[in-house]
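**Student:** Fit chain X to the supplied structure of chain P, relying on the hints for placement.
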Amino acid sequence: MAHTVDARGLSCPTPVIMTKKAVEEIAGEDIIVIVDNAASRENVRQFAESVGMDVAVEENDGEFTLRLKPVGACDAANAMIAEAKSAAKPAKTGPVVVYVASHSIGFDESLGGRLMNGFITNIKNMDDMPGSVIFVNTAVQMSTTNTETVAALKELEEKGVEILSCGACLEYFNLVEKLSVGRITDAHTVMQRLFAAGNVIRL
Amino acid sequence: MPRPDGLVVGFETSDDAGVFRMQGGGMLVQTVDFITPVVDDAHTFGRISALNSLSDVYAMGGSPMTAMSVLLYACECPPEMIKGMLQGAVDELTAAGCALVGGHTVNDTEVKLGFSITGTLPDETYYRNCTLRDGDVLVYTQPLGIGILTTAIKGDMASPEEITRVTDAMLLSNERASKLLRRFDVSAVTDITGFGLAGHGWEMAKGSGVSIGFELDAIPVIDGAAKQASMGIVPAGAHENRQFLTYDTACPELPGMKHIIYFDPQTSGGLLIGVREADAAALVAALKAEGYADAAVIGSVSPKTDTLVTFK
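Line by line, the protein sequences give chains P and X.
Per the working numbering, residue 187 is the first one in the first sequence, and the count goes up by one each step.
Per the working numbering, residue 1361 is the first one in the second sequence, and the count goes up by one each step.
Just chain P, same shape as in the assembly (with noise of 0.2 Å):
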């Protein structure tokens, strides 16, 4: 599950301020940038490129789809996932964690809300289920004001699953007192579980 910004219709410097804005705050996960001028596109790859991150570009009708993949020692936050990510991949033997970064899967964020809805709830119907399920920043909606998660999240925890949400994230969007599922972590802990799984799956 990747950030989204999209650009449309915007002209140089403002996708590259907005992208820079998005690097900051939600670093070291995926971004997806979309431009409608190859100016814009080159000067997003640009960026991206200076501050350390993979990017693939798609065409499609005069549109732009920059995928932003933090590789580089862009930030801490990036190198720690970025190794988790790796330690976790040939170990194979630990827990399925699922690590959650967004209210919303893919480019429309109203369709998104109802996709992350229907992958949250359809959990419990796997053949295995995860250790853990971690919510950060946005995400932290899932275990606090939306109700069709809290249900389906409070029967996976009957079943043993462990569901964690961010505290820093809680605090910053003054969710905390709505927690109705799970516990609240920190990042020690998320790295923790990161590092100690056999397959992370991000939504």
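Bear in mind the hints are in silico, worked out from the structure with no lab data behind them.
Among these hints, one or two may not hold up.
What the hints assert, rightly or not - Derived DSS-like pairs (lysine-lysine); straight-line CA-CA distance at most 25 Å: (1) X/1443 with X/1472; (2) P/340 with P/310; (3) X/1566 with P/255; (4) P/255 with P/310; (5) P/207 with X/1618; (6) X/1587 with X/1618; (7) P/255 with X/1618; (8) P/207 with X/1672; (9) X/1566 with X/1664; (10) X/1672 with X/1566; (11) X/1618 with X/1672; (12) X/1587 with X/1672.
**Tutor:** For chain X alone, coordinates are given in the frame of chain P:
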């Protein structure tokens, strides 16, 4: 359209201004240019806009005489902002000995200000952009990077030092440089504006039937512009210029997109001067003495090949 008898320089070679010989003698130099804001301060923007418009007359070797304003703004604009812009412009026009005689104003969402300038030539000598000679060298009076740094200002990404440096560059009038030209064996002149160094160099080469080589290491660049370019803070016009010049311009891809600086649109840029090699050092020294601290020989002219402009 039949060519009028008095028309000396028309639009055929994309020159900086038209030149028209009046009945009874005297040569008129005429141009119009208007721009969107490049700095936050209204008075400073007015000054830059006036200098940018005057520059086309200076690039022809002329002396500005009268100005007509072209002003577009939304009626909600604070009146003190409009007043500040026009005061800044009038300050520069007055310093240039150019009289503001009128103008026209139109309602528009984004502010635009510029001037149609009419100048005269002191004698029969004027400087076209299409008369470079094989063997000339090219002198430029300013550092590049104005478009990149004003884009950084628009994005709130420019440091105070960068804002000062780019503003100083735009406020450097081409008047004194223009007045020096007659003392040297100068073949052709243009001012570097929207098409960047590469684009205006291309126009000079194409019009003159020659090729131009620019020395990357010799071209002065404003401190901070390369860093901004490396972060993708580049105006769309720079990419468009590069795209337009794909086929007959050769410029290496440099790390951090530094090559885009040579395509960067300049507002109130400097003069690119073709001069006999033997006169180049003296011209650069004279320019430096007149306050053009970054004036330098940046390239040379050679017989025409398929590649009109080469950066190496």
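**Student:** So, for every hint listed, does it hold in this structure?
**Tutor:** Hint check:
no. : hint               : in the structure
1   : X/1443 with X/1472 : holds, 14 Å
2   : P/340 with P/310   : holds, 10 Å
3   : X/1566 with P/255  : violated, 44 Å
4   : P/255 with P/310   : violated, 30 Å
5   : P/207 with X/1618  : holds, 23 Å
6   : X/1587 with X/1618 : holds, 8 Å
7   : P/255 with X/1618  : holds, 23 Å
8   : P/207 with X/1672  : violated, 36 Å
9   : X/1566 with X/1664 : holds, 9 Å
10  : X/1672 with X/1566 : holds, 19 Å
11  : X/1618 with X/1672 : holds, 13 Å
12  : X/1587 with X/1672 : holds, 21 Å
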